[in-house]
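2 protein chains.
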Amino acid sequence: MKGLLVRREDILRRLRSWRLKMLTVVGSGICRDHLTDRAKKIIERAEVVYGSKKALDNVREFIKGKFKVMKGFSEAEYSEIVEESKRKNVVVVSTGDPMVAGLGTKFHAEVEPGISSVQVALAKLGVDLCDVVVMNAHSKEVNLREIMHFLKFRSVLILANRRFDIKKLGELKVVLLENMCMNERVREGLASEMELSSDYTIIFIRR
Amino acid sequence: MKGLLVRREDILRRLRSWRLKMLTVVGSGICRDHLTDRAKKIIERAEVVYGSKKALDNVREFIKGKFKVMKGFSEAEYSEIVEESKRKNVVVVSTGDPMVAGLGTKFHAEVEPGISSVQVALAKLGVDLCDVVVMNAHSKEVNLREIMHFLKFRSVLILANRRFDIKKLGELKVVLLENMCMNERVREGLASEMELSSDYTIIFIRR
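Chain order of the listed sequences is B and R.
Under our numbering, the first residue of the first sequence carries the number 1, and numbering increases by one thereafter.
Under our numbering, the first residue of the second sequence carries the number 208, and numbering increases by one thereafter.
The set of hints was computed from the structure by calculation and includes no laboratory data.
Incorrect hints may appear among the rest.
[To be verified] Below, in silico cross-link-like pairs of lysine-lysine (DSSO-like), each with a Cα-Cα straight-line distance of 27 Å or less: (1) R:Lys359 to B:Lys140; (2) B:Lys86 to R:Lys248; (3) B:Lys152 to B:Lys168.
Given the structure is predicted, the values throughout are model-derived calculations rather than measurements.
Using the sequences provided together with the hints, build the complete structure.
If you want it as structure tokens, here you go:
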């Protein structure tokens with residue numbers, strides 16, 4: 001009888017762990033051929049794959065089930081995805097890495113990393129991640145006081161879109177990396193003399 | 208005649224760009240199947256592949272040329288590799304990402320990113336890179352004053368080995384992630400009550 005109980009518990013544990021893995025957020029990387037074999041396998045096993053149009057385009061050849069284009073990126077949309085993941089094996093594809101200003105923090109889910117724009121930028125700049133602080137200006141205001149605070153100890157790398165007011169960085173010398181792995185452009189100069197023209201901009205300020 | 212000059216310049220430019228790409232540092236990721244297709248192609252094209260025994264084991268099936276195990280990780284060894292790259296297409300494989308406490312800053316070379324232990328840790332912790340500061344205790348002393356300074360604004364993630372004196376973090380609450388993608392272990396508690404037992408430890412301190 002004890003043996004049977006143990007086996008039953010074992011089965012339940014497996015079911016639970018299987019259940020918990022029904023929702024996975026997968027990073028697709030940002031350049032062509034950035035996808036890892038781990039990510040490919042997870043996408044191939046999915047019954048439904050969600051993502052922005054861009055993210056789905058990156059991984060299209062590995063989708064065996066259905067796919068659905070995300071549009072709102074709202075709490076309501078996230079809730080619907082969670083609901084569907086109670087019945088089906090669902091994957092959400094996040095461009096770059098889900099834990100770098102991505103969709104990884106929007107769900108309680110397994111997360112599979114991908115190559116982020118931050119990594120590609122650091123590779124081009126020749127700077128180690130342990131020498132920078134990464135700031136996300138897409139989702140919240142990045143203020144100059146905080147930037148200056150970090151610059152005492154570290155270089156600063158800001159993820160920005162064209163709405164970011166670069167003039168507020170004044171006479172700081174910056175490197176702008178725009179549209180990486182697309183129509184890439186790298187510029188260098190004083191912040192006060194720069195204009196942002198892309199929603200995929202990385203601003204690097206050397207300490 | 209002008210046409211000929213242009214063509215010659217074009218050829219020289221191509222030769223130069225080819226020459227500059229003779230040394231590439233490639234990230235192999237840290238878990239099985241982390242290697243990207245981009246990284247695989249670069250390794251397959253190499254005449255000589257350098258790396259630690261661990262790094263070479265990760266990518267062995269893609270090496271078509273010779274391979275050489277790095278041992279010293281000294282300036283002398285780096286210079287020898289640079290010398291060889293003047294005659295041959297040389298790749299240095301760095302476990303994880305070359306720009307995360309890796310070999311990327313040791314050479315003036317092209318760098319191809321890989322999935323780092325930091326990314327795997329953040330995926331497990333459910334924390335975004337833009338909410339942390341990453342510190343490298345492998346290569347230099349990490350002092351408590353600096354940690355406390357960053358903790359005012361961010362969570363802190365420290366890359367450490369077993370020589371790191373965790374007691375100096377006192378009553379701070381920490382999460383230890385050890386040997387990721389190997390015989391993984393995750394522990395939580397007060398720093399003063401912890402002991403480090405692995406040279407592949409990540410210490411996470413939530414803000």
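For the pair supplied as a hint, Lys152 of chain B and Lys168 of chain B, confirm whether the alpha-carbon distance does not exceed 27 Å.
The given pair, whose Cα atoms are some 18 Å apart, holds under the 27 Å limit.
For Lys86 of chain B and Lys248 of chain R, compute the direct alpha-carbon distance and say whether it is at most 27 Å.
violated (39 Å)
Are the Cα positions of Lys359 of chain R and Lys140 of chain B separated by 27 Å at most?
holds (18 Å)
In summary, the structure is inconsistent with hint 2 from the numbered list given earlier, while agreeing with all the others.
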